[in-house]
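Asks: Chains as they are written, first to last, in the numbering used here: chain A, 598 to 957; chain B, 112 to 239.
These are calculated hints, taken from the structure and not from any lab test. Be careful, since some hints might not be right.
[Claimed, not checked] List of simulated lysine to aspartate or glutamate pairs, DMTMM-like, C-alpha gap at most 25 Å: (1) A:K939 <-> B:E171; (2) B:K176 <-> A:E944; (3) B:K176 <-> A:E728; (4) B:K176 <-> B:E201; (5) A:K939 <-> B:D231.
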Amino acid sequence: MASTTSSLRRTPLFDRHAAAGARLVAFAGWEMPVQYGGVGEEHMAVRGRAGVFDVSHMGQVETRGPQAEAFLQHVLSNDVGELADGRAQYSVLCRDDGGVLDDLFTYRLGDRFLTVTNAANHDADHAWLSERASGFDVEVDDVAARYAMLAVQGPDARAAVAALADGELPARMGTATLDVAGEQCLVCGTGYTGEDGVELLAAPEHAVALWDALLERGVVPTGLGARDTLRLEACFHLYGNDLSTDRSPVEAGLGWCCKLDTGFVGSQTLRDAGEPADRLVPFAFTGPGIPRQGNPVATGAGEGIVTSGTHSPCLGLGIGMAYVPADAAAPGTAIEVDVRGKLRAAEIREKPLYPPRKAG
Amino acid sequence: MAESYPDDVKYHPEHDWARIDGDEAVFGVTWYAQDALGEVVFYDPPEVGGTVSKDQAYTEVESVKAVSDVFAPLSGEIIEVNEALNDSPEAINADPYGDGWMVKVRLSDPSEVESLLDVDAYKALLQG
Chain A
598 MASTTSSLRR TPLFDRHAAA GARLVAFAGW EMPVQYGGVG EEHMAVRGRA GVFDVSHMGQ
658 VETRGPQAEA FLQHVLSNDV GELADGRAQY SVLCRDDGGV LDDLFTYRLG DRFLTVTNAA
718 NHDADHAWLS ERASGFDVEV DDVAARYAML AVQGPDARAA VAALADGELP ARMGTATLDV
778 AGEQCLVCGT GYTGEDGVEL LAAPEHAVAL WDALLERGVV PTGLGARDTL RLEACFHLYG
838 NDLSTDRSPV EAGLGWCCKL DTGFVGSQTL RDAGEPADRL VPFAFTGPGI PRQGNPVATG
898 AGEGIVTSGT HSPCLGLGIG MAYVPADAAA PGTAIEVDVR GKLRAAEIRE KPLYPPRKAG
Chain B
112 MAESYPDDVK YHPEHDWARI DGDEAVFGVT WYAQDALGEV VFYDPPEVGG TVSKDQAYTE
172 VESVKAVSDV FAPLSGEIIE VNEALNDSPE AINADPYGDG WMVKVRLSDP SEVESLLDVD
232 AYKALLQG
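Generate coordinates for the entire structure from the input sequences, incorporating the hints supplied.
Replies: Spelled out as C-alpha cells, the structure:
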C-alpha cells in the first residue's frame, strides 16, 4: 500500500495531522488529511458542535491598483460593484464560451481584493487573470504562500473562535482583521458546510498556534472526507465534479451569481445560450445504494449523469447531484441511477438536502 | 476494535477470511481490509443460491468515499447471507470476524483450503 508522496506539498499543519493519526491522501498536489477518527463522527461533530478543517491548500490571489474593481468586474461573474468594503462575494470565473474555470470567494479589503481559489485551479486561475489584466491598471499577485487557512464550522464554531479573538467576529459574508489566539488573522464569515462558522486566514507560521488553541477549546479536527459529505448535504458545488469548463454556470444553478449586465467574460455566450437543456439538481435515494460520480441517470425526459455522490451521514441515505434534462429537474421527480449495473430509485430534492429548509 | 487476526480462520491474500467447518465455510473481510476501507456505510449482499469462485469478487462493500470488491477465498454455492448487514453494515468494522460475516458457502472443492494462508503467513504478508 506504499505510495509516493515525496512530490506532494504539505501545509504548515502537516505534523499536527500526522501526530493525530490522520489518514493522509494526495489531493490537488497536496498531502492532506482525509480523516482523523472517522468521516461519520467528524461530519456529526460539525453538524452538532464545531470542527476545524485545514484548508491551507486553497490558493489566494490579490488584486490591487486603480482599476482593480473594473478588472474584477470584467472577469468575475458577480457584480463586484455591489461588493462592499469588508464583505465577501461568491462568483465564478468563466471562459469566453461560458465554461466555468473556477468558483471563488472574493473579499474586498480596503483598496485591495483577495480571491480564494481552489487548490487544483490556483496556478491556472492566476495565469488566466494575469493574462486578462494586460489592458487594466492593476497588479494581480499570487499570494498563496502568505496564507494558511483554517475553516472553523458548526453551531459552536463562532463561540470557540470568539473566545480566542480580541474583537467581535464578522457577520456572515463579512470580514474582520482580528487577533485570534494572539495571531493576526483575517476572519471571514464564510464556509462550505451549511453550518455557521468562520474561515481564518493567517500567516503560515501562525497556523500551529491557531490549530492548537482551537483544539484546546474542544473544536474537533475534521478532514476532507467530512468536508465533502458536509458540502454535498448543503448542495455546495465542488469544482471538477459539479462544475467544469464543459458546463455553464447557469446549467449548474449558479445563474444567481452571473450578472450578465456587467459584461463579464463569458456573459455574451450565456446570454445567447438562453435556457439550458440540462440542470444540476440535488437528489436522494429512496432505497438502498450509494451514487457515485459518473453514474448514468435515467429520467422521463432523457438521460443525465451524476457529478457527486456519497452516503449522507445525517439522512442515512445515498445523496448526490446530477445534471438532468431541464424538463425532469423539478423537485419530487422520480429518477433512476445506474450504480455499476444496478438501477437505484431516487428522487430530485430541493436545496439544501440538509439541513432541511425551514418552513416559511 | 483493535487490530486482530484470529487463528481459527484461514486467510486469503486479498484480505478475506474463511472459517471452515467440514464442507461449509463462512467468509468475511479481515481487520486490515475494514481499516483500509474506513467506515462501511453500505453492503449489498449477494443472492442465496449464487455461486462464488475462488479469487473472484462476489460482492462489494462501500465506505463514504469508496467502493471495494470482496473476494471469495474459496469456491462454492452461497447457502446463507448475513441479512443483518443491510441495516447495520458498520458491524463489518466493529466485529469483522463475528457479526460482520458476509456469506456462508457450501464448498465445491474443499481441497482449495490448502492454498489459503494461516494466521502467521497472513501477518507476514501484511508486514511484507
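Asks: Indicate, hint by hint, whether the structure satisfies it.
Replies: Going down the list of hints, with the structure as the test:
1. A:K939 <-> B:E171: holds (12 Å)
2. B:K176 <-> A:E944: holds (22 Å)
3. B:K176 <-> A:E728: violated (37 Å)
4. B:K176 <-> B:E201: holds (15 Å)
5. A:K939 <-> B:D231: The given pair, whose Cα atoms are some 39 Å apart, is violated under the 25 Å limit.
Of the numbered hints stated above, those contradicted by the structure are hints 3 and 5, listed in ascending order.
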